[in-house]
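**Student:** The chain contents come next:
Number of protein chains: 2
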Amino acid sequence: MHVEERKNVSVEAIGIVYSCFPEKFGIPRQAGLAPSATGIVELYHPYNRRELCNGLEGFSHIWIYFLFHKAIDEGWKSTVRPPRLGGIERRGVFATRSPHRPNHLGMSAVELLGMRHIDGKMLLYIGGIDLLDKTPVLDIKPYIPYSDCLPGASASDWVEDPVSHMQIIFTKKAQEFCDRYERKTGRKLSRLICEILLEDPRPASQKEKKQDFGMRLWEVNITWTVSVKQCTVVNCTFI
Amino acid sequence: MHVEERKNVSVEAIGIVYSCFPEKFGIPRQAGLAPSATGIVELYHPYNRRELCNGLEGFSHIWIYFLFHKAIDEGWKSTVRPPRLGGIERRGVFATRSPHRPNHLGMSAVELLGMRHIDGKMLLYIGGIDLLDKTPVLDIKPYIPYSDCLPGASASDWVEDPVSHMQIIFTKKAQEFCDRYERKTGRKLSRLICEILLEDPRPASQKEKKQDFGMRLWEVNITWTVSVKQCTVVNCTFI
Chain B
1 MHVEERKNVS VEAIGIVYSC FPEKFGIPRQ AGLAPSATGI VELYHPYNRR
51 ELCNGLEGFS HIWIYFLFHK AIDEGWKSTV RPPRLGGIER RGVFATRSPH
101 RPNHLGMSAV ELLGMRHIDG KMLLYIGGID LLDKTPVLDI KPYIPYSDCL
151 PGASASDWVE DPVSHMQIIF TKKAQEFCDR YERKTGRKLS RLICEILLED
201 PRPASQKEKK QDFGMRLWEV NITWTVSVKQ CTVVNCTFI
Chain L
240 MHVEERKNVS VEAIGIVYSC FPEKFGIPRQ AGLAPSATGI VELYHPYNRR
290 ELCNGLEGFS HIWIYFLFHK AIDEGWKSTV RPPRLGGIER RGVFATRSPH
340 RPNHLGMSAV ELLGMRHIDG KMLLYIGGID LLDKTPVLDI KPYIPYSDCL
390 PGASASDWVE DPVSHMQIIF TKKAQEFCDR YERKTGRKLS RLICEILLED
440 PRPASQKEKK QDFGMRLWEV NITWTVSVKQ CTVVNCTFI
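Quick note, the sequences are listed as chains B and L, same order.
The first sequence begins at 1 in the numbering used here and counts up by one.
The second sequence begins at 240 in the numbering used here and counts up by one.
Keep in mind that a hint or two might mislead.
Each pair of labels, with its calculated beta carbon distance range [claimed, not checked]:
1) L:Y385 with B:R81: 19 to 27 angstroms
2) B:D200 with L:E421: 47 to 55 angstroms
3) L:V402 with B:K172: 53 to 61 angstroms
Calculated from the structure, these hints are not laboratory results.
Where is the CB? At the ideal position from N, CA and C, for every residue including glycine.
Let the sequences and hints guide you as you build the complete structure.
**Tutor:** This is the structure we're talking about:
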């Protein structure tokens, strides 16, 4: 066994994600955890021709390969502290899905809601996403159940998705904002807020304190408070 | 919606795969189809420190991100002819897992059989692979069942893994070679040959003809003939 000459290869964004998540805070830990989280992949020229996606409509889910573009300047780390381990214990970066990894490559299995080729633009509508707005896309592939879904695969306990015991309550003001917003845009804002808060996005270090939190979804500022196992969505306003 | 400035990013091989497949012919269409197909990932400096893999032992399966290095010089295609469609019908490249794709990125979910840190080398032993020997590795991630295994996902009929009706027979000479090889190396050569031939690796264009075929696994040349639904492994020899 001998080490081959190393390869450095230049990769190019083939498209971009427009997502409901304009900032990191609030993004689910993995794809699929918040089914109402939606976005659009716009493919760049010359990858925007309809024929490159012919046949993709036969698949319910696709893989998005992307760059953790906001982590590139921050470099990579040998070990990281997964939030699910309370932000205290360390794991090797290759044993995690941390963005702070060599090459900063990410992939997400997302639902393919639809496709449109319009005004020379090729758009893929996706759901259940965990992607930051303006994420550069490197590739699109079909999700193939027989090779990608491994029901016998086992993982360390700490990566399992725990059952949430969080109760979510909206103030009247917040609920009314969501109702108006949903009628106007067709986006399921209140359901998305619930899906995100059920996963408790607070950093481990702040879970003991009673304090206010804020996040942005699309162009909406959302504020909430947490008390033991109850979240109250206090207010929603336009940014 | 407006198109952001495009990003070109340089990616670097963090390691290399040493695989049972020294050539393309015979490689299963997807990972997992030939469980006895094994290989080793060797991580390069500075990614070869043990701590980068700490915790990975808790996972039964891992994702290997890699480059389709043999396809890079051949470029990419807008549409391809998947072998499963008889090599006649075309599909958009993004609706396939073809290596001839923009950026030439691949990923495989493989079994993690073990890890060793020895003589400054960090080695990951993997099984069920579909990777060419000397494939450059770009990343390693744990397979996380709750987000990666989507039992409800549906795919086009043509990507399903069909039940094989192929019968595999070894000549006495071929079987004796395999027995000796397996005792010496611990590699499951005859089982791997069966797993590959059950999937019928012949190009669609050659399925009508009765002819001899050859492939290489590790350092062994294997020849076989096909007659209707019966494969006969005629001979195995060292390259």
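**Student:** If you test the structure against every hint from before, which numbers come out violated?
**Tutor:** none
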